[in-house]
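Start from the sequences, fold in the hints, and give me the full structure.
Residue 235 in this note's numbering sits at position 235 of the sequence shown, and the numbers go up by one each step.
These are calculated hints, taken from the structure and not from any lab test.
Predicted model, so just to flag it, every value in this text is computed and none were measured.
Some hints could be false.
Here are the simulated DSSO-like pairs of lysine-lysine, each with C-alpha atoms no more than 30 Å apart in a straight line [unchecked claim]:
hint : residue 1 : residue 2
1    : LYS603    : LYS541
2    : LYS434    : LYS297
3    : LYS541    : LYS529
4    : LYS431    : LYS442
5    : LYS442    : LYS324
6    : LYS305    : LYS224
7    : LYS603    : LYS617
8    : LYS443    : LYS391
9    : LYS617    : LYS212
10   : LYS224    : LYS236
11   : LYS318    : LYS297
12   : LYS569    : LYS198
13   : LYS531    : LYS603
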Amino acid sequence: MVFRLPHPDLPTVHSSVKWSGTIVGVTDGSLGSTHKKARRPHTLQEDLEANRAAMNASKFEVASLLTKLIAAQLELTSYQEGEDGRFEVRKKILLASEDFSMPIVNSIINALSFRANGAIKQLQEKERICHLYPSPSVSKKEGASFRSSQFHKSFFFQILLLSCSLAKMELWFAVCGGLAALLVAAWAVRMLNWAFWKPRRLDRALRSQGLKGSSYRPISGDLKDFVRLAEEARAKPMPFSHAIFSHVSPFLQSATEAHGKENKVTFHWMGTNPRALIADPDQIREVLADKTGEIGKANTSHLFKYFLTGVLSQEGEKWAKHRKILNPAFHIEKLKRMLPAFYACCDELVNRWDEMAPKGEEIDVFVEFQSLAGDVISRSAFGSNFEEGRKIFQLHNEQTLFIAGSLPYAHIPGYRFLPTRMNTRMKAIDKELKGILLSIIKKREESMKLGTAKNDDLLDLLLESNLQHLREHGHAGLTTDEVVDECKLFYFAGQETTSLLLTWTMVVLSMHQDWQERAREEVLQAFGKEKPTFDGLSHLKTVTLILYEVLRLYPPVLGIPRQVLKSTKIGNVVYPPGVLLYLSILQVHHDPDLWGKDVDEFKPERFAEGMYKASEKNAFFPFGSGHRICIGQNFALLEAKLALCLILQRFSFDLSPSYTHAPNFVLTLKPQHGAPIRLRRI
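Written out as structure tokens, the structure reads:
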């Protein structure tokens, strides 16, 4: 920025410059002095000394009036009185701002600002109007009106611009610089705490109590090893064995071998957070039974929030409200009413298989059971057929693939905000899913208002229960968005749990033909070739034992994440806030100390006296435990029993030669290369 003022080293020019408090100079010389006779001219120094106190106050008055003015490369002009009493331009002097020290510049500005205020006051008394606009682009609403015709062109107005600009710039640079320094310092402290100080503090707290674990590596922790070992395991198939823990969770298996084999507890690092790996059944139940608020749902990656919604993600009173409203929909008597929908879907499946069996075609039952579970959840939960729900499942499957691909980057701060292809598509899918579900819910609410709802599916039962809750508790029911979240959970849990249970059951019974025959004999003895009944399904002992053993060996969910919110004691260890917990269900289900040396063998008879006596310490957690046990477990088991019965009534089956045994964890435990089966009519 440059501005023009009389230079003290140019006496000929400086001596010609006269200043008076009642003079308004203009660039075109059109406005003269307000006095016929000019007063004795004052030098700049005299004015500075005489008006210093008033000048300071005037500066801030001007600055507050013209807060948005910004001056750049202003031309200020010196004036001299002409013979006719008018003032005219004598000479323009260019002077770079760096030639003046800042105190001198401030003093000059103070003096000229004071003079300008005096001039404004006199112009107002003359009742002449002048509109001041800081720049041509500023609207009239941001301007100000004063008495004069051309004051906005005057020398003192230009001084005003310069005065406000320099004062504001100096102030803003100081304030912004200070704030920036504080923000940078605060950010640096926070980052140091996040990346170094807090992890070191938590590490000392755990090790001081005898807990063993891996050493902390800044920021990434053990994530690189976690991903590397998983990729190595996926690159090669495993033999036809049920000893899948080391293949599915190689990092957890190696961590347990290195640090936690003795007391069933160790810890490793998920980024900057230590995660305690708990494989002791008593401690798992202790965590799942907690109602103190010291242990909460893990603040999992934002990726899981795309489908782990509704009651599954709630805490405290909000969870209790959701669970209370949902419970009636999953009551055993309500499930009986859904059995016809279950049967219709399963019957369509076996009829389609019946046409394919004579041709000797391989059937990928993993894909088939995903379609079946989708059809069942569409009809039983939303009263629609699979064709109407197909779009939802296509979107769900696409979302699952994107989430799996994003997991290695999930712990990178700010990654979710990057406009990557996966991030953009996941948000679009979530929006589309919510739109479809919202449309279904709105239609159902209209049916309820018209009295045409049948109340025979999960959505009707949910809305009916919510309405009853509203009558009893005022406006404390579920909002429409919360109902949408519960529906998303219906789709995800309803499809994943049942389809995977049926898939692994078919694979295991193909490996163990003797148990397949025993199950078939029980089904034919109970129903023959007739339609299975609800009561009959409840009394199928062999089929139930088989399903339990499959859930032990191949649980859909490998573990349950939690986090410590307040210092809490679990077992003999006090965990400080910030520690993550991982209840390792798969590890417990494959622990020889709990299930015996035959832990990796398929032996359904171990559940003959009930699941509580099947192992030491009641180590069976396929649906969780405690007050947060899976609300849909009876739904899943009923659907699986019915589907398996209809298949056993009409087919025998074995594994296709193309089958590759490769259990793989991608959100849930899936067959990496599908599950091709060969069917034979019986």
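Violations among the numbered hints, reported as their numbers in ascending order:
Failing hints: none at all.
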